[in-house]
Amino acid sequence: MFEFDLFELTRATVTTLVGLTAVLASLGVILCSSPIYCALYLIGHMICLALLFLLYNAEFIAAVQIIVYAGAVMILFLFIIALLGGKKEIQEPSTERSIAIAFVATMLGELFLSATVGPTRPIEGAFDVQTVAEVGGSAKAIGLELFSRHVVAFELASALLLVAAVGIICLSKFSYVPVRRRMK
Amino acid sequence: MFSYCWFILISPLVGFVLLSWFGNGMSRKSAGLLGCGSVGISFLITLGALVGFLLGGENEKGGTSTLYNWVTAGSFSLNMSILVDPLSVFMLLIITGVGFVIHVYSIGYMEKDPEFSRFFSYMNFFIFSMSLLVLAADFFFLIVGWALVGLASYLLIGFWKEKTSAVLAARKAFVMNVIGDVGMVIAAFIIFDHLGTLSFLEVFAAAKSTFRPNDDTILLITVFLLVGAFAKSAQIPLHTWLADAMEGPTPVSALIHAATMVTAGVYLIARCHVLYELAPFTMYLIATVGVVTAIFAGSMAMVQYDIKRVIAYSTMSQLGFMFLAVGVGMYSIAMFHLMTHAFFKALLFLSAGSVIHGLNDEQDIRKMGGLRHSMPITHITFLIGSLALAGFPLTSGFFSKEAILINSYHADMGNIIFWAMAILGAIMTGFYIFRVYFYAFSGQPRTDANAHESPLIMIAPLGLLAFLSLTAGFGGGMIDDFLATYFGTHMPHPDDVLLETIGLSAGLIGIVGAVGFYMTGKDRLEFVKQILAPLYDLLFNKYYVDEIYDFLIVKPTRATGAFLEKRVEKLGIDFAVDQVGFQTREVSRLISFWQSGSVRLYAFNMIVGVVTILMFVVFL
Amino acid sequence: MGHQFVLLISASIFCVGATGFLIRKNPLIMFMSVELMLNSVNFLLIGYSSFQKSMDGQIFALMVMTVAAAEVVVGLAIILTIFRTRHDMDVDHINTLKG
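Protein chains in written order, with my numbering: chain A, 1 to 184; chain B, 1 to 620; chain C, 1 to 99.
Think of the hints as simulated: they come from the structure by calculation, not from any bench.
Model, not experiment: these values are computed from the prediction.
Certain hints may be false.
Once the Cα atoms are required to be at most 25 Å apart in a straight line, the calculated DSS-like pairs of lysine-lysine come out as [stated by the list, open to error]: (1) K140(A) x K25(C); (2) K87(A) x K53(C); (3) K367(B) x K112(B); (4) K88(A) x K25(C); (5) K555(B) x K570(B).
For reference, chain A alone in the conformation it holds in the complex:
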């Protein structure tokens, strides 16, 4: 009776609970009528996900999730919702809705089926938990990989961000000026 590992048990329980909460929060995102509430549910969902990341030994990514995603992106969302708003939207059932749900349910079923497949052959990389700790933490481990083997992807990602920034400025300028002119 005392053969079970308390740590592991706790860990498993917590993981399961957090996972379920994440799913429920996502359900909340799509089912609410008011956009603000949906945004709040999404923030909650992201925090749950960050916890899950922590539980799976990805500390750096968890931090990035909170800072970037829940912090910056969702705030941006909230600003836009405040600007444009949107009324409470009442969902009336319709044929299209039913068909869409049916398809997605099928997809879910198929994906669940795929879960019955056994574990894939492990690649057995070099970083298990001890090694990561020896290197100096998850951030350092990621840094070592990122700047050696994936440096091209890194550079491309930075280029992408630059393009996005420029694009935003152009978009806002285009949409701004005609409105101004119209007001004259």
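Assemble the complex: chain A is given as a structure, and chains B and C must be docked to it using the hints.
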């Protein structure tokens, strides 16, 4: 050696081109000069070739002259070459000589016509084509010349293109000629298939060793060539175009439809006599059709009122005589008759043209009369022509026709029936031509038109042709000798006094008959007309052949065409083509619903795609 | 334990996100559904990264996050541009590309 003979072809061709391009700018005098001059040059060159032959004596067989090699495909080669031998020189003399005379005549006849140069350009083109036909050294260029002559005939019959009847007649002539062309081409195919060559010399040399007499193949070849000959020479059943061809100007009728083009059929058979000797059955057919046409045409000529039509049927009838001659194997005699016929028939046509010209385009003989006083010279020339046609003793027609009549019985392939029908034809000939003579030239004028004699430029050719009609008959022996080098044998002269006498009198009986009917009051004529009314109707309506053809051939063809157009073309083919476009449009209209502009629909499509792929991945 | 759990949770969140995208008319909520789907993928990557004992999964998740951030920014700017002058936030009404 005879390479200068190319200029016989080049000269009228140059004349044609120059007159077509610059004719409108030329004065009538220069256009006429150019037209006649080019033919005159051809005639002189032909005379030179003739001299060359005469100097060469019995052994001169002539030769080919090649300009260049046109096609070489494997073992087949086709050269542009001409064949100068006694037969072609003989024909060329007639073509260019009579052609030249008629050209001179036309300067006078067509002087009031606004399209003077066009006429001469077409006439030159005709001389070129006919010379090509005669000078061709192989079947290929023979057929080319054959078709070009048909084209020239079409252009010249329909010369007055505002006249609907002329255009229709031209079309009819052309269509029937094309039927003949098709026959010739098929014959050429068969010849090539079996002998591998189209050159005359090679074909004739190989034919004897390749074919047995009355072989199926040689019968086919000769019969198909015959279709061409019959179409061109207006024998039954392809004869209906010749009478209508008289819509063209009279010099055209004289040149093309009397002296030269219609004789191309006879020339063809004479040229290919080697092939025909291997097919006695076809020879028999030729003789039969010839003699039947002779009687057929002669009977129709007896009741026509248009002077040119009578002479046209006369041509058909005389061609029948020529075919009879080749059908029994008497080639030289046929060519002899061809020559004399060219002279007196051209004379008759040109005299008739003079009459028409003098009476301001009146062609109905019932409206003529008493012309011997107002047009004396034309009267004499017409009389000479008529006598020659009827075979009056000592005229050229007498000698040639006598030879045909006697040999139609005495030749190896002749028999009594041919002879009897030929005699009947000769009697009819005398009758119909003197009927016209009496109507037009004797008695009192039946018309108010001020008949005047034609100008010198028209009279001089008439005189020349009249002279030839009287004297050419004595050259029969020389012609026979000349052509013997080609045909290989001399023509026999059987001595049968009885048949000679009967032949001599046949034409005279016809003349007497005409005198009896037309010079002694109208009673007999009306009486006979009443008794033989149905027969008269039959003859007058040309045996209803045109109507039969219309019913059997023209109407079904038109109906088939209309049916195909309405049903097959409109409902079938157009429908199918339209449906291609229509269905494409419908399908794309259905598909365009997919592009609804709704983002959610697009996302939905994506999900559907993902689901499908997952299904494949998971389950298969 | 781990494999099935990660797969199941990830699949569930993904399908929820897809459903939300198809069902809702408000463009902002549709965008949030897209974020849900991206997050689910991130989770999958991280999970497998821990099973495979390799950092590649985490790096890929980092890239996904970068792209997601850029995409959100540009997408919201576009939505702003389109819907600023209208007063209804209904995606079905922007169908001038129809046909």
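Hints, one by one, checked against the model:
At roughly 43 Å between alpha-carbon atoms, K140(A) and K25(C) are farther apart than 25 Å, so this suggested pair is violated. Straight-line distance between C-alpha atoms of K87(A) and K53(C) comes to about 47 Å, which puts the hinted pair past the 25 Å bound. About 23 Å separates the Cα atoms of K367(B) and K112(B), which keeps this hinted pair within 25 Å; it holds. Pair hint K88(A) plus K25(C) holds up; C-alpha atoms about 11 Å apart against a cutoff of 25 Å.
Between the alpha carbons of K555(B) and K570(B) the distance comes to roughly 21 Å, so the proposed pair stays at or under 25 Å and holds.
The structure fails hints 1 and 2 (numbered hints given earlier, in ascending order).
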